[in-house]
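Novice: To convert, note that position 163 of the sequence shown is 163 in the working numbering; the numbers rise steadily by one, no gaps.
Hints in this document: simulated from the structure, not taken from any laboratory.
A few of these clues could be false.
[As the list claims (entries may be wrong)] In silico DMTMM-like pairs for lysine to aspartate or glutamate, Cα to Cα no more than 20 Å straight-line:
(1) Lys19 x Asp37
(2) Lys175 x Asp188
(3) Lys175 x Asp163
(4) Lys20 x Asp46
(5) Lys19 x Asp35
(6) Lys175 x Asp198
(7) Lys20 x Asp35
(8) Lys19 x Glu43
(9) Lys19 x Glu5
(10) Lys146 x Glu118
(11) Lys20 x Glu1
(12) Lys20 x Asp37
(13) Lys19 x Asp2
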Amino acid sequence: EDPVEYQLPGVVQIPVNEKKGLTFARGLRSVLRHDPDRVMVGEIRDAETAQIAVQAALTGHLVFSTVHANNAFDVVGRFMHMGLDLYNVVSALNGVLAQRLMRINCRHCLQPLPATPEVLRDHGLPEDASLQHGRGCSHCRGTGYKGRRAVSELLWLDDELRDLIAGRAPLSRIKEAARSRGMRSLRDAAVALVLRGD
């Protein structure tokens with residue numbers, strides 16, 4: 001991890017220290033010599049770390065990681081641009097979860113938010129949608145928000161999606177195929193929460 005943010009009981013955590021030569025890639029190689037049950041790579045930043053993580057997954061290790069990207073499809077794009085063997089990547093990859101934290105309207109000061117049909121349409125919302133917002137109160141310290149919730153999208157790979165990625169299909173084609181299987185985008189998930197009043 002870079003840095004180790006929380007000490008977890010029963011988990012061996014290795015802080016990355018590039019000044020002393022301990023990179024993600026070197027740390028991951030070391031971890032794999034100990035036959036771990038599961039591996040969490042703090043972040044895949046480069047092709048070398050990605051390749052080692054893929055090899056670990058291909059040899060039967062359950063590997064989790066993070067990749068800085070705007071959405072699940074951008075993760076696929078990052079792997080494509082790293083010059084990795086995409087057949088191995090898709091063989092090792094089961095899914096990609098992208099998430100954002102969205103503020104929750106304060107329930108104590110919730111009130112209707114007037115919006116014209118044009119504004120609703122411009123944001124891809126139904127013209128009859130009723131929006132709400134927190135006006136601010138003592139419970140939310142005047143912000144109108146109390147807490148956050150995750151908004152996520154899950155790109156779950158099946159054989160056809162694996163073939164498209166390994167064949168370096170354009171991301172637009174991969175998106176189309178995933179959405180035809182019912183994948184809900186980050187935006188779709190956020191809109192559903194807005195329409196619910198969250």
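Novice: Next step is simple, just say for each hint if it's right about the structure.
Specialist: Tested hints:
Among the hinted pairs, Lys19 with Asp37 is inconsistent with the structure: their alpha-carbon atoms are about 29 Å apart, more than 20 Å. The suggested pairing of Lys175 with Asp188 holds, with an alpha-carbon distance near 14 Å, which does not exceed 20 Å. Of the supplied pair hints, the one linking Lys175 and Asp163 holds, its CA atoms being roughly 13 Å apart against a limit of 20 Å. A distance of roughly 18 Å separates the Cα atoms of Lys20 and Asp46; the hinted pair therefore holds under the 20 Å criterion.
Of the supplied pair hints, the one linking Lys19 and Asp35 is violated, its CA atoms being roughly 27 Å apart against a limit of 20 Å. A hinted pair counts as satisfied when its Cα atoms are at most 20 Å apart, and Lys175 with Asp198 does not qualify at roughly 27 Å. A distance of roughly 24 Å separates the Cα atoms of Lys20 and Asp35; the hinted pair therefore is violated under the 20 Å criterion. Our distance criterion of 20 Å between C-alpha atoms is met by Lys19 and Glu43, whose separation comes to about 17 Å.
For the suggested pair Lys19 and Glu5, the alpha carbons sit about 19 Å apart, so the restraint of at most 20 Å is met. Distance restraint check for Lys146 and Glu118: the Cα-Cα separation of roughly 29 Å exceeds the 20 Å cut-off, and the hinted pair is therefore not satisfied. With a C-alpha separation of about 15 Å, the suggested pairing of Lys20 with Glu1 holds against the 20 Å cut-off. With a C-alpha separation of about 27 Å, the suggested pair Lys20 and Asp37 falls outside the 20 Å cut-off, and the hint is violated.
A hinted pair counts as satisfied when its Cα atoms are at most 20 Å apart, and Lys19 with Asp2 qualifies at roughly 12 Å.
Hint check: violations occur at hints 1, 5, 6, 7, 10 and 12; the rest are consistent with the structure.
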